[in-house]
Structure formats: C-alpha cells, structure tokens
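Position 60 of the sequence shown, counted from 1, bears residue number 241 in our numbering, the numbering being contiguous throughout.
Hints should not be assumed to be uniformly reliable.
As the list claims (entries may be wrong) - Label-pair restraints from in silico Cβ distances:
{"id": "1", "residue 1": "Glu261", "residue 2": "Ala235", "range": "15 to 21 Å"}
{"id": "2", "residue 1": "Leu246", "residue 2": "Arg212", "range": "16 to 22 Å"}
{"id": "3", "residue 1": "Ser223", "residue 2": "Pro201", "range": "26 to 32 Å"}
{"id": "4", "residue 1": "Asp183", "residue 2": "Lys210", "range": "17 to 23 Å"}
To be clear, the hints were calculated from the coordinates, so they are not data collected in a lab. Since we're looking at a predicted model, the values are computed, not measured. Just so you know, even glycine gets a beta-carbon here, dropped at the ideal spot from N, CA and C.
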Amino acid sequence: MDFILEEEMIDLLTYCLQNPSSESCESKKERFKEIGKELYESGGVDALENFFFAVDNRIQGEINLDPKPFRPLWNGITDEWNYH
182 MDFILEEEMI
192 DLLTYCLQNP
202 SSESCESKKE
212 RFKEIGKELY
222 ESGGVDALEN
232 FFFAVDNRIQ
242 GEINLDPKPF
252 RPLWNGITDE
262 WNYH
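Model the full assembly from the supplied sequences, consistent with the hints where possible.
What follows is the structure in structure tokens.
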C-alpha cells in the first residue's frame, strides 16, 4: 500500500506543478491532504517526512520542479509538521 500512496502523491503533485491554473488542482490538493492524514495515522510524523522526502526527490528528478510549496497542505495534521 505504501508504494501505491507514494505513486498517487507523485501523480497528484506532478499534475498540479505542471498545470497550476487547472480547476482540478484543488481536488488533487484535497486528496493529497487525505493521504497525509492516512500516513500520519499509520506512521506518525516520520511517515510524513519519509514520504515527502521520497516524493520530492522523484519529482525533482523526473520533471525538475520543486514540490516543497505543497508541504504546508499537511499543516494541522500534527503540531510537529509546520511548514510555510
């Protein structure tokens, strides 16, 4: 299941990075938030860090765009995750 979530996160963020003005980006961001909650429930803040690190590396390597601006979408899941 972890691999499937990672691939889904990559697809969601890649789409939003490549199509920032698309109307469907908002629903993709909502799904990204849901995935963050699922990850936190199953593995805590370490899971959030590990997954985002892997996704960040893949996206930067594949399309040379930075997904870090999406990190704040997971703010509020836990006080330990606080990005701006």
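Going through the hints against the structure:
| no. | hint | in the structure |
| --- | --- | --- |
| 1 | Glu261 - Ala235: 15 to 21 Å | 19 Å, holds |
| 2 | Leu246 - Arg212: 16 to 22 Å | 19 Å, holds |
| 3 | Ser223 - Pro201: 26 to 32 Å | 30 Å, holds |
| 4 | Asp183 - Lys210: 17 to 23 Å | 21 Å, holds |
This entry satisfies every hint, going by the numbered hints stated previously.
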